[in-house]
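Trainee: Sequence:
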Amino acid sequence: MVRTPDEIKAQIVSWLNEANIQFDDVQLNENQAKDLEFMIVTKAALKNQIYILKRLPGRVIIQSELGLAQEHREMVRTMDAPKRNALFLNLSNTLTLYNVRYRFILDGVQLNGIRIHLFKHDDQLTKDWIVETSIRLQEITSNLLNLINIGLGRPPQQPSTTDGDDSLPYA
Numbered sequence: 000m001v002r003t004p005d006e007i008k009a010q011i012v013s014w015l016n017e018a019n020i021q022f023d024d025v026q027l028n029e030n031q032a033k034d035l036e037f038m039i040v041t042k043a044a045l046k047n048q049i050y051i052l053k054r055l056p057g058r059v060i061i062q063s064e065l066g067l068a069q070e071h072r073e074m075v076r077t078m079d080a081p082k083r084n085a086l087f088l089n090l091s092n093t094l095t096l097y098n099v100r101y102r103f104i105l106d107g108v109q110l111n112g113i114r115i116h117l118f119k120h121d122d123q124l125t126k127d128w129i130v131e132t133s134i135r136l137q138e139i140t141s142n143l144l145n146l147i148n149i150g151l152g153r154p155p156q157q158p159s160t161t162d163g164d165d166s167l168p169y170a
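Per numbering that gives the first Met the number 0, the sequence shown runs over residues 0 to 170.
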């Protein structure tokens with residue numbers, strides 16, 4: 000059964016509401032409307048975008064993006080080539096192990112950010128997948144920042160999100 004983008008969006012909105020995940024239904028600007036059927040942005044500490052591209056109808060994509068602070072960008076840019084290459088290899092290997100699609104956002108040798116995403120086709124879409132993937136991408140994004148911090152000789156940070164934390168609060 001092929002559903003329209005509006006039907007898919009309505010289902011996703013319903014699932015996000017049921018899971019008590021806050022979100023914004025983004026009003027697409029003219030440029031976005033050329034490429035996107037719709038975009039929903041979750042309101043977690045680390046935001047995810049949920050969207051369908053017009054050129055890939057029926058494929059729902061959940062994306063998270065880690066934008067680096069100017070301080071991080073400068074530190075990566077000024078690393079010597081072997082250290083910078085080792086950092087990129089470590090990030091690539093980690094993302095491959097996480098089994099996500101990714102893109103480094105580069106300006107020459109300067110790393111400006113990392114975009115990660117997963118997708119499902121409409122006929123395989125479930126509420127559990129939407130919720131789990133949103134939480135999973137937030138955790139991966141937080142882990143990537145820690146890998147970058149460690150690669151730059153800085154201490155790791157506490158995760159900036161506890162959304163979906165289902166661990167016990169005691170040992």
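Just so you know, the hints here were simulated from the structure itself, not pulled from any lab data. Heads up, some of the hints might be wrong.
[As the list claims (entries may be wrong)] For each label pair, taking beta carbons as the anchor points, the in silico distance ranges come out as:
#1 5 <-> 76: 19 to 25 Å
#2 1 <-> 81: 26 to 32 Å
#3 154 <-> 85: 35 to 41 Å
#4 156 <-> 34: 23 to 29 Å
#5 76 <-> 122: 40 to 46 Å
#6 114 <-> 76: 32 to 38 Å
#7 100 <-> 32: 32 to 38 Å
#8 103 <-> 23: 44 to 50 Å
#9 1 <-> 68: 41 to 47 Å
#10 153 <-> 103: 16 to 22 Å
Ideal Cβ positions, reconstructed from N, Cα and C, are used throughout, including at glycine.
Trainee: Are the hints correct? Go through all of them and say.
Mentor: Here is what the structure says about each hint:
1. Taken as a hint, the range 19 to 25 Å is violated for the pair residue 5 and residue 76, whose Cβ atoms sit roughly 44 Å apart.
2. Roughly 51 Å separates the CB atoms of residue 1 and residue 81, a value that falls outside the hinted 26 to 32 Å.
3. At about 19 Å, the beta-carbon gap between residue 154 and residue 85 misses the expected band of 35 to 41 Å.
4. Between residue 156 and residue 34 the beta carbon distance is about 33 Å. The supplied range of 23 to 29 Å is therefore violated.
5. One distance hint, 40 to 46 Å for the beta-carbon pair residue 76 and residue 122, holds here, with the actual separation near 44 Å.
6. Under the hint 32 to 38 Å, the C-beta atoms of residue 114 and residue 76, about 19 Å apart, miss the expected range.
7. Taking the beta carbon of each, residue 100 and residue 32 are about 24 Å apart, not inside 32 to 38 Å as hinted.
8. Between residue 103 and residue 23 the Cβ separation comes to about 27 Å, which falls outside the hinted range of 44 to 50 Å.
9. The hinted window of 41 to 47 Å between residue 1 and residue 68 holds, with their beta carbons roughly 43 Å apart.
10. Distance hint for residue 153 and residue 103: a CB-CB separation of about 19 Å, consistent with the stated range 16 to 22 Å.
In terms of the numbered hints stated before, the structure departs from hints 1, 2, 3, 4, 6, 7, 8, listed from lowest to highest.
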